[in-house]
Structures are given as structure tokens and as C-alpha cells.
Amino acid sequence: MEHSGEEDPPALSLREQWIGHKKAREQLLSNAIQTVDGWIAGITDADIGHIGSLFQQEVGLSGCRHEINIHHPNRAEYVSFSYRHSAGFANHIIYGPSAEEDLSKLFSSKVHEATHALQKMRSAALHASPFNPNTQIVICPGDWVILEERCEQDAYVKQALFNSLLAKHLPEVRRMTDNDPLSVKTFERIRLDAANIHDTVIEAARQALAKSFYWDNPKAEHRFQHHYHDYALKNYEAGMKLRSDNGESDLIFVRLEEEDILAIGDSCGPNSFGNGRLLPEFAAKPKLTKAAQDKLDKIRGDLKLGDEEKLPTLGDILSRLGLTRRQFIEASYTRPLLPQRNAAPLLQP
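Heads up, the sequence shown is in our numbering, so the first residue is 88 and it goes up one at a time.
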């Protein structure tokens with residue numbers, strides 16, 4: 088090796104090299120997110136108009152932050168209320184390293200998770216959460232399962248809608264969504280049979296979680312709806328434990344009303360649960376597996392709730408407090424994050 092006579096630059100430490108590597112990976116992921124944002128912004132539909140740019144605008148108005156974490160296990164995950172580093176309304180999407188490996192899947196994940204952020208901006212019931220430390224008002228466990236199911240139905244419907252529109256420009260997306268709960272092929276078939284886009288998204292919501300949770304075993308009895316029922320109950324129980332550990336005993340449990348559910352479907356574009364009025368089927372209690380029903384009964388027993396149908400509604404309690412649903416929602420967005428309470432794992436409702 089020839090030398091110019093100048094001293095070689097000092098070798099970088101292992102830590103410095105790791106930091107450089109981490110920044111390079113973060114930049115790759117950031118580039119992928121920017122590419123997908125461009126795809127979303129360009130999405131249009133003959134019946135809906137410039138839904139992509141409207142979606143991006145609404146996500147911006149929601150205040151939802153976007154964070155890159157190369158150690159995060161998921162491609163993307165929306166976090167609403169946090170109990171770990173801070174307590175309160177976190178309202179951010181975390182992207183993991185797998186997000187930059189497949190742009191079409193990142194597109195799906197971005198639309199899905201950002202839809203959850205828009206749901207939080209629309210429905211007051213989602214702020215009456217076991218994980219919201221700034222309120223004593225909590226949706227009762229049976230209705231929390233309904234909320235979880237409706238949030239996922241709506242997110243998968245909007246994901247499939249956007250994917251179907253992207254597939255007009257990138258046809259390979261159609262095949263790449265075959266294992267999704269609601270594939271492009273299924274959504275296109277529904278739209279072809281429906282009278283209009285409103286009927287399309289409603290029928291898509293009916294089918295959104297009916298698929299087998301195991302892509303390699305389509306006949307398995309465990310469906311996506313069962314997965315999300317279990318997820319909702321597991322989180323609810325954990326949230327109640329955190330409340331108990333923090334000495335909270337003055338909680339006010341409430342029931343949902345139709346407008347709370349309909350608001351979730353208003354995330355963006357046509358409403359997934361009714362055109363101006365909630366369809367009765369989306370107000371109905373979901374059919375649980377025996378294991379899920381046993382878990383729900385245990386949670387109700389531990390909380391000594393009795394008959395949930397005799398509980399006041401969210402609207403009743405807010406009215407007594409002199410609050411509108413909009414004011415209840417806005418309290419989460421305007422209240423600063425609180426200092427850490429008890430050390431506990433981050434849980435997302």
C-alpha cells in the first residue's frame with residue numbers, strides 16, 4: 088500500500104461504525120416511506136375523487152407522528168395511548184426495518200395504520216380507553232370487543248380500497264395481496280357486484296375478518312375476527328391491571344351508542360358501516376369463541392360490572408360532565424404527555 092505521507096484518519100470505533108450503519112438503514116427506510124407517500128397521494132377514483140391526497144391531508148391534521156425504529160419487530164404499528172416512556176396520547180406510527188423490504192406491503196401497512204389514527208380523530212369512544220390515563224371513563228369490556236372489531240374491519244376495507252386503486256397502475260399488487268384478510272381480488276369482485284361505492288365498502292366490511300387467520304390453512308376455524316377478539320380481551324385485561332396497579336378505583340364504565348361505531352367508519356372515504364346511519368348488524372355483539380367468552384366473563388366478574396346493558400352510555404356521562412364528544416376527543420390532542428407512571432410494557436389498544 089502506498090502512502091502519500093499524510094497520516095491515515097483514525098479508525099472509527101465499533102460504536103461509531105454501528106451508529107453510521109444505523110443511520111444508513113434509517114435513511115433507506117425513510118426513502119421507502121417517502122416513495123409510498125407519493126403513491127398514496129396520487130391515488131384517485133372515479134366515484135370518490137382524489138382520495139389519496141385527502142387521506143394524506145387528514146393524516147397530517149390528525150397530528151400522527153411517524154417514527155423509525157430499526158429494532159421494531161413489526162413493519163408498521165400505530166400506537167395510541169402509552170404507559171411506558173410517557174403516559175398519554177402517543178398518536179404515532181412506528182416503522183420497523185422490514186418496512187423497506189417490500190414497498191407494496193409498506194403501502195398496505197401505511198394505509199392501514201394511518202386509518203387507525205384517523206379513527207381516533209373521529210370516534211370519542213376510542214378515547215374512553217383502558218390505556219388512556221387522562222380519563223376515568225372507560226368503555227365496558229363487551230363493547231370494547233366491538234370497537235376492536237370495527238376498527239380492524241374499517242382499516243382492512245380502506246387498505247383493500249387503496250390497494251385496488253394502486254393495482255390499476257401496478258397490476259402485480261393484485262396478486263401480492265392474496266393472503267390479506269381482504270384481498271384486491273375480493274374487493275374488486277365485491278365492487279363489481281355492488282350498486283355503488285357505498286354498498287361496496289359495507290359489503291367489504293362484512294367480509295373483512297371472515298378469512299382464516301392461517302394463510303396456509305384456509306379451512307381453519309380460527310378466523311381474523313377471532314384473532315382480534317382475543318387481542319382486544321388480552322389488552323383490556325392488561326389495561327385494567329395497569330389501572331389497578333396505579334391505584335385507580337373510581338372508573339366509570341360506559342356503553343357504546345350507534346354514533347360511536349359509525350364514527351369509526353368515517354376514517355376516510357365512504358363509511359364502512361352505513362351511509363349516514365349505522366346498519367344494525369354493525370351494532371350487534373360479535374359471536375365469540377368459548378375461550379373468548381370465558382375470558383370476557385372473567386373480566387366482567389373481576390370488575391364486578393354486572394349487566395353491561397344497565398350501564399350508562401358514553402353520551403350520558405359526557406352530557407352530565409358538560410362535554411361534547413368532540414371536546415372529549417380534543418382533550419387527548421391538547422393535553423401534554425404525562426411523566427412516566429409505573430414501569431410497564433407498552434400496550435396498544
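A couple of the hints might just be wrong.
Unchecked claim - Under the rule of at most 20 Å between Cα atoms (straight-line distance), these lysine to aspartate or glutamate pairs were calculated in the EDC-like manner: (1) K374 with E275; (2) K192 with E324; (3) K321 with D381; (4) K321 with E259; (5) K385 with E275; (6) K298 with D265; (7) K306 with E344; (8) K328 with E344; (9) K192 with E154; (10) K272 with E154; (11) K372 with E335; (12) K377 with D303; (13) K372 with E396.
Unchecked claim - Pairwise CB distance ranges (calculated): (14) T411 with H159: 47 to 57 Å; (15) D286 with T131: 18 to 28 Å; (16) K255 with Q114: 43 to 53 Å.
Derived from the structure by calculation, the hints contain no laboratory data.
None of the values given here were measured: they were computed from a predicted structure.
The beta carbon of each residue, even a glycine, is placed where N, CA and C say it ideally should be.
Outcome of the hint check:
{"no.": "1", "hint": "K374 with E275", "result": "27 Å, violated"}
{"no.": "2", "hint": "K192 with E324", "result": "31 Å, violated"}
{"no.": "3", "hint": "K321 with D381", "result": "12 Å, holds"}
{"no.": "4", "hint": "K321 with E259", "result": "37 Å, violated"}
{"no.": "5", "hint": "K385 with E275", "result": "42 Å, violated"}
{"no.": "6", "hint": "K298 with D265", "result": "11 Å, holds"}
{"no.": "7", "hint": "K306 with E344", "result": "35 Å, violated"}
{"no.": "8", "hint": "K328 with E344", "result": "26 Å, violated"}
{"no.": "9", "hint": "K192 with E154", "result": "18 Å, holds"}
{"no.": "10", "hint": "K272 with E154", "result": "32 Å, violated"}
{"no.": "11", "hint": "K372 with E335", "result": "28 Å, violated"}
{"no.": "12", "hint": "K377 with D303", "result": "24 Å, violated"}
{"no.": "13", "hint": "K372 with E396", "result": "12 Å, holds"}
{"no.": "14", "hint": "T411 with H159: 47 to 57 Å", "result": "36 Å, violated"}
{"no.": "15", "hint": "D286 with T131: 18 to 28 Å", "result": "20 Å, holds"}
{"no.": "16", "hint": "K255 with Q114: 43 to 53 Å", "result": "31 Å, violated"}
Of the hints listed earlier, those the structure fails to meet are numbers 1, 2, 4, 5, 7, 8, 10, 11, 12, 14, 16, in rising order.
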